[in-house]
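Asker: Let chain A serve as the given structure and place chain B on it in line with the hints.
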Amino acid sequence: MKRFSNTYIFIFSTVMVMLVATLLSFVAEQLKPFQEKNVEIEKKLDILRSVGIARDLDEVKDKDTFVEEAYEVNITKSFTIDASGALKEDVDAFRVNLKAELARAPEERSLPVFIFVEEDGTEIYILPLQGKGLWGPIWGYISLQEDMSTIYGAIFAHAKETPGLGAEINTEWYQSQYLGKKIFDDAGKFTSIRVVKGGADPADPHAVDAISGGTITSVALQEMMEECLGNYETFFKNKSN
Amino acid sequence: MKEREPLFSTKNLNLLRDPLNDSNPITVQVLGICSALAVTVKLKPSVVLAISVVAVMAVSNVVISLLRKSIPPRIRIIVQLTVIATMVILVDEILQAFAYDVSKQLSVFVGLIITNCIIMGRLEAFALANKPWPAFLDGVGNAAGYGLILIIVAFFRELLGSGTIWDYPLFEKLGIFTTGYVNNGLMILPPMALITVGIIIWIQRARNRKLIEEK
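One line per chain: the protein sequences are A and B, in this order.
When the letters of the first sequence are read in order and numbered with this note's numbering, they come out as residues 1 to 241.
When the letters of the second sequence are read in order and numbered with this note's numbering, they come out as residues 1 to 215.
Next comes chain A alone, as it looks inside the complex:
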């Protein structure tokens, strides 16, 4: 076998690593706009689905354009507030990274709000959620009616929850449980929505069924709702009064 000197080995590996690094960073830079576009489309689609639009995209040929247009037409307003409910003028709601915001102190957080206007002019408020599931992040969007308490629509998504168990949170049957539930009780106290193991009383407006076998994901979902919607408590109260 041919023998190679140590110097040769060092030069070989240095050149190889530099070539590979250049190639990969070049490709990553070139593809970045496409990748960011995909993430943006997905976010818009999630927001639309939380108010019941674009739930079924099977018939749509060009998904990207459809989502862009539907978002443009339906989500007419968006703004960012802080925990006291005051408007933050300089922050674009769509660009807020909720995960980073949740890591800050509650009073420093930027909280995005998206608004969907129904045909009769009533405004539906869409609020983003972000939390930690069993294996990775979970997130979603909740939309509230004008009373700031009744849930108009909900969608949840996850990165890698267990298929058939925790992963069920992104299914229609699970999400439809939330419709019409209330996050404030009659006395005006913030209750969020509890996820009840063993089945919730259907008459209870503040609880839904947990997923059997998906306890940790269910609890994570409950905590996510409590924390994320809790941030908006002052805003909700100001609005509904």
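Source of the hints: derived by calculation from the structure; they are not laboratory data.
Check each hint, because a few of them may be wrong.
[To be verified] Cross-link-like lysine-lysine pairs, in silico, DSBU-like; alpha carbons within 35 angstroms at most:
| no. | chain 1 | residue 1 | chain 2 | residue 2 |
| --- | --- | --- | --- | --- |
| 1 | B | Lys44 | A | Lys43 |
| 2 | B | Lys44 | A | Lys32 |
| 3 | A | Lys77 | A | Lys32 |
| 4 | B | Lys44 | B | Lys210 |
| 5 | B | Lys104 | A | Lys88 |
| 6 | A | Lys181 | A | Lys160 |
| 7 | B | Lys131 | A | Lys77 |
| 8 | A | Lys43 | B | Lys210 |
| 9 | B | Lys104 | A | Lys43 |
| 10 | A | Lys43 | A | Lys77 |
| 11 | B | Lys131 | B | Lys44 |
| 12 | A | Lys99 | A | Lys43 |
| 13 | A | Lys32 | A | Lys160 |
| 14 | B | Lys44 | A | Lys160 |
| 15 | B | Lys104 | A | Lys181 |
| 16 | B | Lys104 | A | Lys197 |
| 17 | A | Lys37 | A | Lys160 |
| 18 | A | Lys99 | A | Lys182 |
| 19 | B | Lys131 | A | Lys132 |
| 20 | B | Lys173 | A | Lys61 |
| 21 | A | Lys61 | A | Lys239 |
| 22 | A | Lys63 | A | Lys132 |
| 23 | B | Lys69 | A | Lys61 |
| 24 | B | Lys210 | A | Lys160 |
| 25 | B | Lys44 | A | Lys132 |
[Unchecked claim] One side of the interface only, derived from the structure: several residues of chain A facing chain B at Cβ under 10 angstroms:
| no. | residue |
| --- | --- |
| 26 | Ala28 |
| 27 | Leu31 |
| 28 | Pro33 |
| 29 | Gln35 |
| 30 | Val117 |
| 31 | Thr191 |
Note that the coordinates shown come from a computational prediction; the quantities given were computed from them, not determined experimentally.
Even glycine gets a Cβ: it sits at the ideal position worked out from N, Cα and C.
Answerer: Just chain B now, kept in the frame of chain A:
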């Protein structure tokens, strides 16, 4: 002067053909089983993964074969890994840009192509000692043999587990559910992939006498 070998000589064609049957990476060499279990719930991700593996393997084999005289043997494994990892990252980036939904479904498994033992095995056993063209054929052949099993397994798991083919609701359109038939939830779980692979191995050995071991 030695006569030039034709591009598709029998020897070269066998490089392509053998891995599909006689030396199939999954059913005969039992390599790369882990990803075969994980992504075969649906046809679409399986086909995408199969294509990705073909691309990664063909290119890595050619690159290593071109470099085979200049790679210092002492660091050859690191060089092989670097080449494979580069290819895999390229494939991952491209999927994220142009096939976002599929890339989400495949999630970590694209990255895990790096650890697919078939690829390292072929680089070490074949590409390091052969010219680029046979190395290319060997890469395509082995990756295709892997992909073939992946797609067969995915076909049955999707059909029996979800009643669909390429997300087309076949059983529903045929009206099979009205007869009381129910999808088999077990087919969706990883153990059934193993059992399906087992059945394929059984059928293959029953038909191919060469594979039956002597006692």
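Asker: Does each hint fit the structure? Answer for all of them.
Answerer: The hints, checked one at a time:
Restraint check for Lys44 of chain B and Lys43 of chain A: the C-alpha separation of about 23 angstroms stays at or below 35 angstroms, so the hint holds. Taking the CA atoms of Lys44 of chain B and Lys32 of chain A, the gap is near 24 angstroms; set against the 35 angstroms cutoff, the hint holds. Pair hint Lys77 of chain A plus Lys32 of chain A holds up; C-alpha atoms about 28 angstroms apart against a cutoff of 35 angstroms. With a C-alpha separation of about 33 angstroms, the suggested pair Lys44 of chain B and Lys210 of chain B falls inside the 35 angstroms cut-off, and the hint holds.
Proposed proximity of Lys104 of chain B and Lys88 of chain A is supported: the alpha carbons are some 34 angstroms apart, at most 35 angstroms. Taking the CA atoms of Lys181 of chain A and Lys160 of chain A, the gap is about 27 angstroms. The hint holds against a cut of 35 angstroms. Of the supplied pair hints, the one linking Lys131 of chain B and Lys77 of chain A is violated, its CA atoms being roughly 62 angstroms apart against a limit of 35 angstroms. In summary, the hint linking Lys43 of chain A to Lys210 of chain B is not supported, as the alpha carbons are separated by about 55 angstroms, beyond the 35 angstroms threshold.
A C-alpha spacing of about 14 angstroms is found between Lys104 of chain B and Lys43 of chain A, which places the hinted pair at or below 35 angstroms, so the restraint holds. For the hint linking Lys43 of chain A to Lys77 of chain A, the alpha-carbon distance of about 16 angstroms falls within 35 angstroms, and the restraint holds. Among the hinted pairs, Lys131 of chain B with Lys44 of chain B is consistent with the structure: their alpha-carbon atoms are about 34 angstroms apart, no more than 35 angstroms. This hinted pair checks out: Lys99 of chain A and Lys43 of chain A have alpha carbons roughly 14 angstroms apart, not beyond 35 angstroms.
Between Lys32 of chain A and Lys160 of chain A the CA atoms are separated by roughly 23 angstroms; this keeps the pair inside 35 angstroms, and the hint holds. Pair hint Lys44 of chain B plus Lys160 of chain A holds up; C-alpha atoms about 19 angstroms apart against a cutoff of 35 angstroms. For the hint linking Lys104 of chain B to Lys181 of chain A, the alpha-carbon distance of about 31 angstroms falls within 35 angstroms, and the restraint holds. Distance restraint check for Lys104 of chain B and Lys197 of chain A: the Cα-Cα separation of roughly 30 angstroms lies within the 35 angstroms cut-off, and the hinted pair is therefore satisfied.
For the hint linking Lys37 of chain A to Lys160 of chain A, the alpha-carbon distance of about 22 angstroms falls within 35 angstroms, and the restraint holds. Our distance criterion of 35 angstroms between C-alpha atoms is met by Lys99 of chain A and Lys182 of chain A, whose separation comes to about 25 angstroms. Under the criterion of a C-alpha separation no larger than 35 angstroms, the hint pairing Lys131 of chain B with Lys132 of chain A is inconsistent with the structure, at around 51 angstroms. Distance restraint check for Lys173 of chain B and Lys61 of chain A: the Cα-Cα separation of roughly 21 angstroms lies within the 35 angstroms cut-off, and the hinted pair is therefore satisfied.
Restraint check for Lys61 of chain A and Lys239 of chain A: not satisfied, since their Cα atoms lie roughly 40 angstroms apart, outside the 35 angstroms limit. As the CA atoms of Lys63 of chain A and Lys132 of chain A are separated by approximately 29 angstroms, the hinted pair is consistent with the 35 angstroms bound. This hinted pair does not check out: Lys69 of chain B and Lys61 of chain A have alpha carbons roughly 51 angstroms apart, beyond 35 angstroms. Between Lys210 of chain B and Lys160 of chain A, the direct Cα distance comes to roughly 43 angstroms. Violation of the 35 angstroms bound is thereby established for this hinted pair.
The hinted pair formed by Lys44 of chain B and Lys132 of chain A meets the criterion: a straight-line CA distance of about 29 angstroms does not exceed 35 angstroms. Checking Ala28 of chain A against chain B by beta carbon gives a least distance of about 6 angstroms; that is within 10 angstroms, so the hint holds. With its C-beta approaching chain B no nearer than about 4 angstroms, Leu31 of chain A sits inside the 10 angstroms limit, and its interface hint holds. Taking 10 angstroms as the C-beta contact cut-off toward chain B, the hint placing Pro33 of chain A at the interface holds, the least distance being around 8 angstroms.
Checking Gln35 of chain A against chain B: minimum C-beta separation of about 5 angstroms stays under 10 angstroms; hint holds. Hint status for Val117 of chain A relative to chain B: violated, with the closest Cβ pair at about 29 angstroms, above 10 angstroms. This hint is violated: Thr191 of chain A has a C-beta 34 angstroms from the nearest C-beta of chain B, more than the 10 angstroms allowed.
Checked against the numbered hints given earlier, the structure breaks hints 7, 8, 19, 21, 23, 24, 30, 31 and satisfies all the rest.
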